[in-house]
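Make the full structure from the sequences, and use the hints.
Protein chains in written order, with this note's numbering: chain A, 1 to 147; chain B, 1 to 144.
By construction, these hints were calculated from the structure, which means they are not laboratory data. One should not assume that every hint holds.
[As the list claims (entries may be wrong)] EDC-like cross-link-like pairs, simulated, lysine to aspartate or glutamate; straight-line CA separation at most 20 Å:
no., chain 1, residue 1, chain 2, residue 2
1, B, Lys41, B, Glu54
2, B, Lys104, A, Asp49
3, B, Lys41, A, Asp49
4, B, Lys104, B, Asp84
5, B, Lys99, A, Glu38
6, B, Lys104, A, Glu88
7, B, Lys99, B, Glu117
8, B, Lys104, A, Asp127
9, B, Lys104, B, Asp61
10, A, Lys57, A, Asp31
11, B, Lys99, A, Asp147
12, B, Lys104, A, Glu38
13, B, Lys104, A, Asp31
[Stated by the list, open to error] A few chain B residues facing chain A, derived, Cβ under 10 Å:
no., residue
14, Arg65
15, Arg68
16, Gly72
17, Gln125
18, Arg130
Cβ atoms here follow ideal geometry from the backbone N, Cα and C, with glycine treated the same way.
Spelled out from the first residue to the last, the chains are:
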Amino acid sequence: MSATDVVTSFFEAYRNHDTEQMVDLCDLGADFSYVPFEAWGRQRVVRGDGKVCTIGKTFWTTLIDCFPNLSNDVTWITGDDDGNVAVEVSISGTQAKHFGTIGNQGLHYDLPHVFLFHVDEDDRIDDITAYWDGADWNRQLGRIEVD
Amino acid sequence: MSAAQAVVRDFFEQVQAGDVETALALTAPDGAFQAVPLGVKGTIGGEGREFLDELRRALPDLTLRLTRLFVGRDGTAVAEVFVDGTQADDLFGVVNQEKHFDLKTVWLLPVAGGQIEGIRAYWCQNQLYRRLGVKRLDRVTITA
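See the structure below:
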């Protein structure tokens with residue numbers, strides 16, 4: 001299986017809301033970084049960095065719970081011979097619950113993302129990094145505060 | 001380092017050095033340019049040039065650090081770029097408050113024949129607004 005095949009399977013599992021399969025496609029110690037995710041408190045900033053098996057699975061499960069029709073459409077994918085894979089993917093969904101600071105107004109979003117993966121020699125994802133525009137996401141969901 | 005990696009690295013080094021013309025000489029002027037968070041689409045020689053000129057004018061101490069660079073089998077270079085600078089002029093509609101910011105970005109650059117034939121850049125505009133002191137998405141030009 002090629003690295004791009006592994007990543008294609010990852011997004012198929014995501015479309016099916018199969019978070020167990022998403023995690024199974026990853027190495028146990030896989031790194032996770034959702035770059036735009038920042039929660040600013042008075043004394044510290046919580047970022048979307050950690051491991052797939054902890055923060056990653058929690059993030060995906062919560063997102064699917066809050067956006068029950070969450071889906072994705074992979075529009076471009078490429079990879080090299082060293083296990084690096086890049087993906088442009090549009091992720092969409094209709095909000096049904098509060099998600100973090102984004103209150104539920106029942107609005108729909110459709111947002112371009114870039115995901116970068118590394119797939120190891122055992123065909124396991126060992127690194128996930130994602131980018132999206134949080135301003136566009138907030139705006140589509142009716143939130144205008146920059147906190 | 002492959003030729004595609006070398007030309008992309010050179011491109012970012014020239015932008016950081018403030019030499020937008022030399023950076024643009026590494027590109028196809030009619031190639032597609034897209035700054036996704038800004039909703040800007042056009043050509044590298046048109047909207048791309050305006051974007052780079054504004055970036056350089058607003059951030060005189062700009063640094064661009066490549067943190068990941070690889071080239072896919074379709075010839076697209078994928079560059080993660082850590083952007084760091086201090087605002088000295090209006091930037092993307094945000095008034096200047098002389099704030100320092102850093103921002104992780106990712107750029108997709110199709111390369112062929114030693115030339116960058118397209119640019120698609122992604123980052124989180126919310127993070128940029130937060131660092132530049134913007135409080136509301138409907139009042140980007142008002143920071144108080």
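Hints versus structure:
1. B:Lys41 x B:Glu54: holds (16 Å)
2. B:Lys104 x A:Asp49: holds (13 Å)
3. B:Lys41 x A:Asp49: Violated, at about 31 Å.
4. B:Lys104 x B:Asp84: holds (9 Å)
5. B:Lys99 x A:Glu38: holds (19 Å)
6. B:Lys104 x A:Glu88: OK: Lys104 of chain B and Glu88 of chain A at ~17 Å, within 20 Å.
7. B:Lys99 x B:Glu117: violated (33 Å)
8. B:Lys104 x A:Asp127: The hint holds at about 16 Å.
9. B:Lys104 x B:Asp61: Distance ~17 Å between Lys104 of chain B and Asp61 of chain B Cα, so the pair holds.
10. A:Lys57 x A:Asp31: holds (12 Å)
11. B:Lys99 x A:Asp147: holds (16 Å)
12. B:Lys104 x A:Glu38: holds (13 Å)
13. B:Lys104 x A:Asp31: holds (17 Å)
14. Arg65: violated (15 Å)
15. Arg68: holds (7 Å)
16. Gly72: With a closest approach of 3 Å, the Gly72 of chain B hint holds.
17. Gln125: holds (4 Å)
18. Arg130: At about 6 Å, which falls below the 10 Å cut-off, the nearest Cβ of chain A leaves the hint on Arg130 of chain B intact, so it holds.
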